[in-house]
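**Q** Residue strings, one per chain:
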Amino acid sequence: MLILDQPEAPSPATATSAGEASPPATQKVEGRDRETVRLKREYEAEVENKVASDYSHIVWAYGIIWALFAIYGVLLWRRSSAQQTDLDELGNQLDKRG
Amino acid sequence: MKYVPHALLALSAVLFPYCVQRVFLATPIESQMGTAQKIFYFHVPLAWICMLFAVVCGIAAGVQLRRRSDRAEALALAAGEMTVLAGLGVLITGPIWGDATWGTPWTGDARQTSTALLWLVFVAYLLVRTYGPANAERLAAALAIFGAINVPIIYYAVKIWKTTHPQTGVVGSLPQDMWNTLWVCLLALLSLAIALVWIRAGQARLAIALDRAWIDAEPEPAPA
Numbered sequence: 001m002l003i004l005d006q007p008e009a010p011s012p013a014t015a016t017s018a019g020e021a022s023p024p025a026t027q028k029v030e031g032r033d034r035e036t037v038r039l040k041r042e043y044e045a046e047v048e049n050k051v052a053s054d055y056s057h058i059v060w061a062y063g064i065i066w067a068l069f070a071i072y073g074v075l076l077w078r079r080s081s082a083q084q085t086d087l088d089e090l091g092n093q094l095d096k097r098g
Numbered sequence: 001m002k003y004v005p006h007a008l009l010a011l012s013a014v015l016f017p018y019c020v021q022r023v024f025l026a027t028p029i030e031s032q033m034g035t036a037q038k039i040f041y042f043h044v045p046l047a048w049i050c051m052l053f054a055v056v057c058g059i060a061a062g063v064q065l066r067r068r069s070d071r072a073e074a075l076a077l078a079a080g081e082m083t084v085l086a087g088l089g090v091l092i093t094g095p096i097w098g099d100a101t102w103g104t105p106w107t108g109d110a111r112q113t114s115t116a117l118l119w120l121v122f123v124a125y126l127l128v129r130t131y132g133p134a135n136a137e138r139l140a141a142a143l144a145i146f147g148a149i150n151v152p153i154i155y156y157a158v159k160i161w162k163t164t165h166p167q168t169g170v171v172g173s174l175p176q177d178m179w180n181t182l183w184v185c186l187l188a189l190l191s192l193a194i195a196l197v198w199i200r201a202g203q204a205r206l207a208i209a210l211d212r213a214w215i216d217a218e219p220e221p222a223p224a
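Just so you know, the protein sequences line up as chains A and H, in that order. As numbered in our numbering, residues 1 to 98 make up the first sequence, in order. As numbered in our numbering, residues 1 to 224 make up the second sequence, in order.
Isolated chain H, as found in the complex:
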């Protein structure tokens, strides 16, 4: 298990050049959106990764609240950071794509707004978790659970409201070349994201253990 993140990093290092080759050279240019559509191959996997780790963070935060588990706390923190990182990627690449195809970077539709809301909630989670007072991790965990509830709203936003985003079935209707490229890019990004979350969770657990060890190492005060 110790070498799992290294193996995942190596896998993503091999896959990323292959992704670039596939995206730029092997996948045809979409007839209506042109080259800007190629942002799709990283934008959509990043959005899925953002939502996946938001759910992981919410579940781990729930376990942390119930059992006071260090492991769950570390996983929640690492997953929360990955949610913010992937969410930032989505919120930057989406408007670049929108500017090229819709003519405006931000239409304020339901999916964009709910994704921005999810990102803000998890930024708040990290801020409370990092800079909050003692016992703030419980408040932060509640925020993470609240954020995770936003994930199905993002997914179903295109079905519930009128939006400029395509419907959820668009991925299933892709031609074979585009479909293959999407899954290769998803595998590359997902392996990278899992590796980074794994490493970060390990660091968070070590930080908790170090804090306790420093407290134990403090010399006891002399009796008055």
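Pulled out of the complex, with its shape left as it was, chain A reads as follows:
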């Protein structure tokens, strides 16, 4: 999670006591300025929106699963038809022989 608090600016009292030559009491932290925070928020919202609404993976996955089972079902049906033909042919041959 982003920490949205901005680094506190040095208080006037601290700045006065430290003098002009001394470094500031706090330094600006990289990546926490308002513009960066805004950009990160926008990016996170975009990613969150995509993750929560992009159904392309799941449609592909389910489509492939159902296609596999459908193809297998058709193969079983074709095999069953071929066996029925074979059975009829055998019956005819046995009938001819009496």
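A couple of the hints might just be wrong.
Keeping only pairs whose Cα atoms sit at most 35 angstroms apart, straight-line, the calculated DSBU-like set for lysine-lysine is [what the hints assert, rightly or not]: (1) H:K159 - A:K96; (2) A:K50 - A:K40; (3) A:K40 - H:K162; (4) H:K2 - A:K50; (5) A:K50 - H:K162.
To be clear, the hints were calculated from the coordinates, so they are not data collected in a lab.
Assemble chain H onto chain A, guided by the hints.
**A** Relative to the frame of chain A, chain H by itself:
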């Protein structure tokens, strides 16, 4: 018993639309993986079905080797085909899910590799069983038993080795909504798989009987 596969097919036909309704509309979107996590509801049951029928095929092949039973041979063949079919589903949907969540379709972890190995062994079983020479069904049966031994390796792979797959306890820790959806999807797929195996085993037995009947029907050669 004759109408069992039809009843199972009817059950799965009723359950599949309900599964889709549950997966897309009734089950919440997982917070980290998003919509891609919904592949789970068919990927995991398919993996279980693949492993279940691999074991069934191995046991039936063992019975076939010992007793030369036509029924066991037919069941082994049908279960082997279902293992390959479900395994193909797992090996396709898994990388689709992995690509969405891990950023790569294949990490080569122990569970993926052992599942791919199981699938290849059963493809080899079907090839030997279908295109092998006479008596190849005994070699094929040995392959099926070898493949079935791979099943516990797949199951325990996430415990033995470091993998990108979640631990085996993840299913038990699911929220109630996701848990219910998983079991409905499992029931739909399992009833469909059992029905197809039942029908295929019947066809295999009929094929064996037809082969024998054709040999018996051949006119005997005239004496020289």
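**Q** Decide, hint by hint, whether the structure agrees.
**A** Verification of the hints:
1. Our distance criterion of 35 angstroms between C-alpha atoms is broken by K159 (chain H) and K96 (chain A), whose separation comes to about 65 angstroms.
2. Between K50 (chain A) and K40 (chain A) the CA atoms are separated by roughly 15 angstroms; this keeps the pair inside 35 angstroms, and the hint holds.
3. Annotation: proposed proximity of K40 (chain A) to K162 (chain H) holds, straight-line Cα distance about 33 angstroms (limit 35 angstroms).
4. Only pairs whose Cα atoms come within 35 angstroms are accepted, and K2 (chain H) paired with K50 (chain A) is rejected, the gap being roughly 49 angstroms.
5. Proximity of K50 (chain A) to K162 (chain H) is assessed by CA-CA distance (about 30 angstroms); at most 35 angstroms being required, the pair is judged to hold.
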